[in-house]
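**Student:** Please dock the two separately framed chains into a single complex, following the hints provided.
One-letter residues, chain by chain:
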Amino acid sequence: MKYKSQKVAYWFFALSMLLLVLQITYGFIMGFARIGMDGLHDFIPFNTARAVHTNLLVVWLLSGFMGAAYYIIPEEAQRELVSVKLAYVQLISLAAVGVAAIVGYHFNWWEGRKFLEIPRQLDYLVVLNVLLFLALILLTLFKGKRKTTTALVLSMGLLFAALLYIPGMLPFDSQVTDSFFRWWVVHLWVEGVWELIMGGILAFLLIKLTGVDREVIEKWLYVIVGLTFLSGVLGTGHHYYYIGVNKIWLIVGGIFSALEPLAFLAMALFAVNMYRKGEKKHPNKIALFWTLGAAIVSFVGAGLLGFAHTLPQTNLYTHGTLVTAMHGHLAFWGAYAMIVLAIISYSLPNMTGRKFYDGIRGRLAFWTTNIGMIGMTMAFGVAGVAQVYLERKFGMEFMAVQEEISIHFVVLIICASLFSFGIITYIIDFAKHGRPTDEALETLENNYL
Amino acid sequence: MLSKQQARAFFLGGTLVTFLIFIGLTIYSFSDGQDQTNYENITAQVVRGKVIWEENNCMGCHTILGEGAYYAPELTKVIERRGEGYVKAVLMTPVPWAPNDRKMVAYGFSEDEAMDVIAFFNWIGEIDLNGFDRIVSPLAKDKQLNNN
Numbered sequence: 001m002k003y004k005s006q007k008v009a010y011w012f013f014a015l016s017m018l019l020l021v022l023q024i025t026y027g028f029i030m031g032f033a034r035i036g037m038d039g040l041h042d043f044i045p046f047n048t049a050r051a052v053h054t055n056l057l058v059v060w061l062l063s064g065f066m067g068a069a070y071y072i073i074p075e076e077a078q079r080e081l082v083s084v085k086l087a088y089v090q091l092i093s094l095a096a097v098g099v100a101a102i103v104g105y106h107f108n109w110w111e112g113r114k115f116l117e118i119p120r121q122l123d124y125l126v127v128l129n130v131l132l133f134l135a136l137i138l139l140t141l142f143k144g145k146r147k148t149t150t151a152l153v154l155s156m157g158l159l160f161a162a163l164l165y166i167p168g169m170l171p172f173d174s175q176v177t178d179s180f181f182r183w184w185v186v187h188l189w190v191e192g193v194w195e196l197i198m199g200g201i202l203a204f205l206l207i208k209l210t211g212v213d214r215e216v217i218e219k220w221l222y223v224i225v226g227l228t229f230l231s232g233v234l235g236t237g238h239h240y241y242y243i244g245v246n247k248i249w250l251i252v253g254g255i256f257s258a259l260e261p262l263a264f265l266a267m268a269l270f271a272v273n274m275y276r277k278g279e280k281k282h283p284n285k286i287a288l289f290w291t292l293g294a295a296i297v298s299f300v301g302a303g304l305l306g307f308a309h310t311l312p313q314t315n316l317y318t319h320g321t322l323v324t325a326m327h328g329h330l331a332f333w334g335a336y337a338m339i340v341l342a343i344i345s346y347s348l349p350n351m352t353g354r355k356f357y358d359g360i361r362g363r364l365a366f367w368t369t370n371i372g373m374i375g376m377t378m379a380f381g382v383a384g385v386a387q388v389y390l391e392r393k394f395g396m397e398f399m400a401v402q403e404e405i406s407i408h409f410v411v412l413i414i415c416a417s418l419f420s421f422g423i424i425t426y427i428i429d430f431a432k433h434g435r436p437t438d439e440a441l442e443t444l445e446n447n448y449l
Numbered sequence: 001m002l003s004k005q006q007a008r009a010f011f012l013g014g015t016l017v018t019f020l021i022f023i024g025l026t027i028y029s030f031s032d033g034q035d036q037t038n039y040e041n042i043t044a045q046v047v048r049g050k051v052i053w054e055e056n057n058c059m060g061c062h063t064i065l066g067e068g069a070y071y072a073p074e075l076t077k078v079i080e081r082r083g084e085g086y087v088k089a090v091l092m093t094p095v096p097w098a099p100n101d102r103k104m105v106a107y108g109f110s111e112d113e114a115m116d117v118i119a120f121f122n123w124i125g126e127i128d129l130n131g132f133d134r135i136v137s138p139l140a141k142d143k144q145l146n147n148n
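Just so you know, the protein sequences line up as chains A and B, in that order. Numbers 1 to 449, taken from our numbering, label the letters of the first sequence in order. Numbers 1 to 148, taken from our numbering, label the letters of the second sequence in order.
Only chain B is shown next, with the shape it has when bound in the complex (with noise of 0.2 Å):
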């Protein structure tokens, strides 16, 4: 029958494996040539762009990436889905956005700032998501089963 020595073998040598495995893969994913998470194409503007999402926690309604609070619409993909034109009307109108009376809070952003968001979109729009992208962007999915 196990002791408590061997038990408590097990749960130091696993942990320590298994935690050398996962920085091991973390180093991995983001090496060169592995890496896909569209850091090249970030600019300044991008940089902005998340910094204004932060600052009003959009991730506390909305969705990015699959991640959020959804209680508003999955962002990624939104310009593709959307267009620019609607987003920016979103982002810069002075009174609550509301669509099937679900109220946004009216930022009231300036042009500027509303096209840094814009920026943020994009680039979180061309990042390769392993199909993710295909399954919340209905565009995107018509095109691969045009492609099919």
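In isolation and in its complexed conformation, chain A is listed as follows (with noise of 0.2 Å):
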């Protein structure tokens, strides 16, 4: 740690484990229900429990990626952030907004827009707290002594990232016309401007982990970002085969959407080859474990288990399946959890002076996680798929399929439990930190991070 301000970053990694415990908590009340087991059904029922769980992984993230944003602009552009004291404020702000909607929740105030079930009246709340923390990042950014590249990303990302928050709010009469602008957020969000935000933290990652001149990392950041953007854009249109609009979207999204793992592929082959390329091995073990895995696993989650199912002759039978949680689960999983893991893992003995940088809590961590949750995803794609031909090609009735595959959900609960396992021990770790302090500042003598 450079610079006091950075400490800032921690109670928003803070907040992120919280709301991560949370949303795995009303993973459970899903999965128990469809094995039958529906006792909260009076209070929580499924479309509640389903609503908490995925807008709390993406309150967490962006939570994650906002105290990644505070940690990495001032020691890239070299002063410390122009306000602390409004940092907290937005962070208290954004926790405020996180927790009004989850409770909304459970009495039925939403707007029923999968992903974006957000009342409208906190909308305008949500789009006040991220202005609030863009003027902060950016206004460090064009105050500071250097702007890099890695910065600039990263910045651009959060600020896209913004701004593709309106065409969400935007209302419409139709089903169709506002499921397909819904996409423009949510798509160009996972599948555009988030992977900004990755390859921003990832190169910081792999400059302060690897010792690779930043001027090869960030040039390959640069392809890397280009190539989302090439294919993620008009990948959107895997979303619009079948919702009714029109044909052009089959041959235009099915060509650029299978042009996206190459995105992914480039970001794994990038992290590994700078590792490899690298003289400097520094001591965060962890750390360096999260962010390769964070490079690997999107490639597997979101690359090659998006293809599997992004053509529109598989997708006509898939669209609407479980095969779709198979891919999402992986995916979120490999590209945001484990890069914001990955960013906690590096910043945190930085933050506290406590340098736990190799140990079996966070090797156990690691591994249960990512076993637990490749295991979730195989169960999720055995159900997706029998579901597919039970139902598409057979045509046996929906409730009858679900009855078939429900033994796919214990799978799915026993795997859940061990990736809980990794996620309470990943906490742990985090506590056993302890607080960020003034002390960690790097000194002279001990500057060599």
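No wet-lab data here; the hints were simulated from the structure. Mixed in with the good hints there might be a few duds.
Unchecked claim - Taking lysine-lysine and the BS3-like style, the derived pairs with C-alpha atoms no more than 27 Å apart in a straight line are:
1) LYS4(B) <-> LYS143(A)
2) LYS4(B) <-> LYS147(A)
3) LYS4(B) <-> LYS145(A)
4) LYS432(A) <-> LYS2(A)
5) LYS4(B) <-> LYS281(A)
6) LYS4(B) <-> LYS219(A)
7) LYS4(B) <-> LYS280(A)
8) LYS4(B) <-> LYS277(A)
This one's a predicted model, so the numbers in the text were calculated from it and none came from an experiment.
**Tutor:** Take a look at the structure:
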């Protein structure tokens, strides 16, 4: 840690951890409901659990991205944040809006639009919150001593993410148009600008962990985010095949979304090659695990498993089945959850001064979460493929199929338990680091990192 | 070998070009003659149905146009499959509807509200879904087989 104000990041990460635990809890509620144990139905029906589960994912990831930005931007710009006080105001308001939304979902206060369930009144508060965040980050960047590509890509990602929230707030009478523009937010976030954020964080971590020259890393960062947009923007078309819009999207979406794995492949090759090339071996092995892990698992989860059902001929049968949940879980885990856990693992020892760089807890958390999540993905995958054949090929009734595939949700719950064990281990490790302190500031004698 | 400037040009140029094409295709697919969203048949009742659909987060369990949560049946073409009477009963019942013990929230809608939702489903059912409608509706599938 080089600047005192970087400590703000700690509290964003702490909020992330809290919300992650809640997200997993609601995941279990859904998993149990699927095997017939729905004792909470009167208080938390499936649609509430589902909205809470996905929205908490978005909020904890955003909180993690914001924490990452508050940590990275001062270091890249070589100055303190313009206002630490306002950063805390932003943190508290983010938590307040998030909690209000989640509580509202239990009382039928929502918009009922997949992933964007936050009611309109709260949308405006989200906008205010994000504007405050962007102002703090961009002002710090522009007042800073240097403007690096890493900082610019990260800030651009955050700025575009904010702008793209707007199409999701436009009201439409038609379900089709509503859905069409909802994907401008959801798709262009996760398969577009969020990848910029991920790329920025990844580049920062690789510079710090491998010691490879910044110019080399940032050049490839441009190539990767270039590939992302080249394939991802028109790849939005894969959501438009069967929702009632023109057939042109079958061709455009088919071709460009089939190219989307390239960006993730490039990211994985880039990370592994930089690691191999690097001469400096940073002692923070756990951060290195998560960093390389994010690059590799995102290629498998987002790239390969996305490709598995993105062609229109396949998607005709898999659209609207559990196959989507299979892809969704490993993609979000690999691309976004793991990169947030990577920046936390990297920055935590630097902010607290407790250098737990490599230990049994850290490694255990890495392996059990990953094995658990891969198991969950397989359970969703088997259930989804079985659903496609029984329901769409053989014409069995929906509920009859659900009964046939319920055993896979027992497997899901077992794997999710292993995953949760790993997350709890990670959080214990987080807590053991203690609070951030100014004593952790790098001194001349301690400037290796 | 590629320089950093060239890499940046690739990123900025590629992004600008694909985004412009994306906007162009969006305008194209909603233009006269290309629009297949069944927009012209939306009535005030359909809109009321959509509002009820959203206010109760129905896609938090069901799917429609293939989008939703995969916990409860796809509702595109549901009227064709089940008939209005069945759907109305599900919407109006004061106790949770629970086929195979999987419970739906008992919304207890009024008859008018139920009819609004049914109008919404009927409107959805008339959209040209590039073949997906035949996949989700066995009846439509049979019709297609007979036509072949």
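**Student:** Are the hints correct? Go through all of them and say.
**Tutor:** Hints, one by one, checked against the model:
1. Taking the CA atoms of LYS4(B) and LYS143(A), the gap is about 24 Å. The hint holds against a cut of 27 Å.
2. Our distance criterion of 27 Å between C-alpha atoms is met by LYS4(B) and LYS147(A), whose separation comes to about 15 Å.
3. Proximity of LYS4(B) to LYS145(A) is assessed by CA-CA distance (about 21 Å); at most 27 Å being required, the pair is judged to hold.
4. For the hint pairing LYS432(A) with LYS2(A), the CA-to-CA distance comes to about 22 Å; that is within 27 Å, so the pair holds.
5. For the given pair, LYS4(B) sits about 25 Å from LYS281(A) by alpha-carbon distance, which is consistent with the 27 Å threshold.
6. Of the supplied pair hints, the one linking LYS4(B) and LYS219(A) holds, its CA atoms being roughly 5 Å apart against a limit of 27 Å.
7. With a CA separation close to 23 Å, the supplied pair LYS4(B) and LYS280(A) stays within the 27 Å bound.
8. For a cut-off of 27 Å, the pair hint linking LYS4(B) to LYS277(A) stands: about 19 Å separates their Cα positions.
No hint from the list above goes unmet by this structure.
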